[in-house]
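There are 2 protein chains.
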Amino acid sequence: MRIVVLAGGIGGARFLRGLKAAAPDADITVIGNTGDDIHLFGLKVCPDLDTVMYTLGGGINEDQGWGRTGETFRVKEELAAYGVGPEWFGLGDRDFATHIVRTQMLGAGYPLSAVTEALCDRWQPGVRLLPMSDDRVETHVAIEDETGERKAVHFQEYWVRLRASVPALAVVPVGAEQAKPAPGVLEALAAADVILFPPSNPVVSIGTILAVPGIREAVAEAAAPVVGLSPIVGNAPVRGMADKVLEAVGVESTAAAVAKYYGGAERRPVEGGAGLLDGWLVDEVDADTVADVEAAGIRCRAVPLMMTDVDATAAMARTALALAAEVRK
Amino acid sequence: MRIVVLAGGIGGARFLRGLKAAAPDADITVIGNTGDDIHLFGLKVCPDLDTVMYTLGGGINEDQGWGRTGETFRVKEELAAYGVGPEWFGLGDRDFATHIVRTQMLGAGYPLSAVTEALCDRWQPGVRLLPMSDDRVETHVAIEDETGERKAVHFQEYWVRLRASVPALAVVPVGAEQAKPAPGVLEALAAADVILFPPSNPVVSIGTILAVPGIREAVAEAAAPVVGLSPIVGNAPVRGMADKVLEAVGVESTAAAVAKYYGGAERRPVEGGAGLLDGWLVDEVDADTVADVEAAGIRCRAVPLMMTDVDATAAMARTALALAAEVRK
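Just so you know, the protein sequences line up as chains A and B, in that order.
Quick note, in the working numbering, the first sequence goes up one by one and the last residue is 383.
Quick note, in the working numbering, the second sequence goes up one by one and the last residue is 383.
Looking at chain A on its own, in the form it has when it is part of the complex:
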């Protein structure tokens, strides 16, 4: 079974760990978000790709969900001693090595997809990890600063430094319009038996991947059923601050609203592009929204959606695969 997963960072990575447990023999291709990539200290940092790679490769800091286990921060302390920041982005010494290798390879002319493959040679994540694009895409968030001036900040600055504490007026994946899907992305979608949207951020993670011209269309036109898992449980994000960026795109923080934001595959085309979802999982606490989602042409089930451990996550993945089988076109 060929499964293609569009993944952001922590939520996507944890879901993938459950999916691997649920479908150990499946051939899994992950299309990773690179819109939150950032250049820090002259190095190319790919937080979402690395979170997937470290999580599936056994190198993740489990407590925080990103970064390496057993980290130290000597390099960062020294950079601060030189007065070189930002200090709000916590790169550890082990993590620095990944960015150094990546930057060196990019500088030597390798595309990000080849670099990611080389890094995965070490981590053996057990999936094929593809960046959504080899082209630079950088998600910016429009905010109002203290003086009321509107300005754009890098997504990481909004998310990590500001902790989404001010309203996101707009979310713009800068460069996405000119970006091309990385080699293998469209082919994987076309050949997939199942396409899954994990409970990742629908705007800045999966939304950014879908913003690369050709990817949304490839998902919509794929022969495979498309099933997603709601990142919103009981009207709040399970993790992170998805509500903040949902507000920016005018979408309520509810499981049903996110499903309609992706759009039902049977009702394509919807406003803003083709609808994508054949199936949608909401948490049990949102059971009352199932009818609403189904009315939008999306088969919906209410099941436990908390990724408390690998077993619970594997159960979610199995349910998603079962729903995919049920809605197979």
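Just to be clear, a hint being listed does not mean it is correct.
Since the list can't tell identical chains apart, any single copy or any two copies may satisfy a pair.
As the list claims (entries may be wrong) - Straight-line C-alpha distance at most 25 Å; calculated SDA-like pairs for lysine to any residue:
1. K205 with E301
2. K205 with A162
3. K74 with Y136
In case anyone wonders, no lab produced these hints; they're calculated from the structure.
Once you've looked at the hints, dock chain B against the given chain A.
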């Protein structure tokens, strides 16, 4: 008093520490060798500049004479886990930060001289540290490999990986002919009251600096007396493997031969360019060579030349300054 010192790495840095103690009120400009600079992991590493900066700024690993004190090697271990080398060059985590800052600034368009000034803002070495040139110069060493093929290796590979264990057939400062002295270098030499050659390597340290067009001439034409200290004591290098590279330029490993290699200022021009030295210090054990050096037109004194501690080194520096006063033109 304006003192200009042409310095390599460990020997130059330790001499400078003694010089600062001997002449605390002097205005010291250091022209640093950059021929042993190397690009590692995509980062620009300047071993000699950093050794001077760390030594005078209190950050040096005293035991080994290079690198930072209290180092850890997490980044290097991780790079090795990615299969990325070389492993023979021991960059520590703290040291990495210096190279990251430098590389980032160079990438942003700052010349090496401006980057060095910025790094010294933190270290406050108490001297003005100038790279010999903002242009890339890379010392290569010609050797015979196992099969008898002649090939060129980077100086660091010869020195650190091979530990100078094979004969150096030639030493070539690649790029030196096209290099220009860094801003301030010629001006400092012209305005100097004293010019000193510390007991640094006469071929790959001071020789490389002198290979930048304009610098040898500026030293030869300077109004200031030029006094050097022999790196060879009792026919062997005090430290390092200077004899190996002296052989490559056909110079015996003796204090007198090195003095004649630099050339006596009174006998300019000598073969290979203008003679440079007005005065030369040899160690007491080489007292019998004083007459030979003086016959070459170089005032010579035999004094203790072992830099065993700062006091001993300060005494050497005081003697060098006294000899400079004596030979002042």
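Cross-check of the supplied hints:
{"no.": "1", "hint": "K205 with E301", "result": "within (17 Å within a copy, 64 Å between copies)"}
{"no.": "2", "hint": "K205 with A162", "result": "between (34 Å within a copy, 24 Å between copies)"}
{"no.": "3", "hint": "K74 with Y136", "result": "between (44 Å within a copy, 24 Å between copies)"}
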